[in-house]
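First to last, the protein sequences are chains A and B. Per my numbering: the first sequence ends with 136, consecutive numbering throughout. Per my numbering: the second sequence ends with 125, consecutive numbering throughout.
None of these hints come from the bench; they were simulated from the model. Careful, some of the hints might be misleading.
DSSO-like, lysine-lysine: derived pairs with alpha carbons at most 27 Å apart [said to hold, decoys possible]: (1) A/K62 to B/K112; (2) B/K112 to A/K60; (3) B/K79 to A/K58; (4) B/K79 to B/K67.
What follows is the residue order along each chain.
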Amino acid sequence: DTEVTQTPKHLVMGMTNKKSLKCEQHMGHRAMYWYKQKAKKPPELMFVYSYEKLSINESVPSRFSPECPNSSLLNLHLHALQPEDSALYLCASSQGWGSNYGYTFGSGTRLTVV
Amino acid sequence: GDSVTQMEGPVTLSEEAFLTINCTYTATGYPSLFWYVQYPGEGLQLLLKATKADDKGSNKGFEATYRKETTSFHLEKGSVQVSDSAVYFCALTPTNFGNEKLTFGTGTRLTIIP
Chain A
23 DTEVTQTPKH
33 LVMGMTNKKS
43 LKCEQHMGHR
53 AMYWYKQKAK
63 KPPELMFVYS
73 YEKLSINESV
83 PSRFSPECPN
93 SSLLNLHLHA
103 LQPEDSALYL
113 CASSQGWGSN
123 YGYTFGSGTR
133 LTVV
Chain B
12 GDSVTQMEGP
22 VTLSEEAFLT
32 INCTYTATGY
42 PSLFWYVQYP
52 GEGLQLLLKA
62 TKADDKGSNK
72 GFEATYRKET
82 TSFHLEKGSV
92 QVSDSAVYFC
102 ALTPTNFGNE
112 KLTFGTGTRL
122 TIIP
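If we strip away everything but chain A, and leave its shape as in the complex, we get (with noise of 0.2 Å):
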């Protein structure tokens, strides 16, 4: 197995919703990341896990809230969030991290904020 699966495809939630969007991983990767993209930009890092503990918070808005259940799984929890968090979230895993092998992408899911 070597992707990255995130869940939902699409989402579409009301900013008094919560929300989770969901990564998994089988590659025995021990790194793992959230990334933000909105239209025509490239991604923005938003959160890193490594070894299950969270190395980088990249001083993003409480209202995200990520969670490392185990070595395979990374969960984005959403709450509160503002019409402008509507973007293209992305789930990377890499063997290490900052690996020079490269980061593995999931194919992201589209967040619409209402």
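Given chain A, work out where chain B should sit, using these hints.
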């Protein structure tokens, strides 16, 4: 800090044309360099990589050579196809321990016309 500069797009070429997308970088030490490709509506895929000076990465007919003297990693393909239409991101990870963040360029949108 580390940065990646890509040629501005969009780039439009006819099928079977020669492709060059320029990428230069600023980083201390010897970063690892990558090209990622994003097809419409999808996540990012690692296209090729190079981890040391004079290395050539290649995949699917694309090539890029790590040139430390010019701090460049230009992407080339001898004969493009319609299926190569996508957004291409140049990226790097530094080698200084503790700051291995993947840094992206702004992306170059490529459209191939039949």
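Hints and how they fare:
1. A/K62 to B/K112: holds, 21 Å
2. B/K112 to A/K60: holds, 19 Å
3. B/K79 to A/K58: Distance ~30 Å between B/K79 and A/K58 Cα, so the pair is violated.
4. B/K79 to B/K67: This hinted pair holds, its Cα atoms lying about 12 Å apart.
The structure does not agree with numbered hint 3 stated previously, though it agrees with all others.
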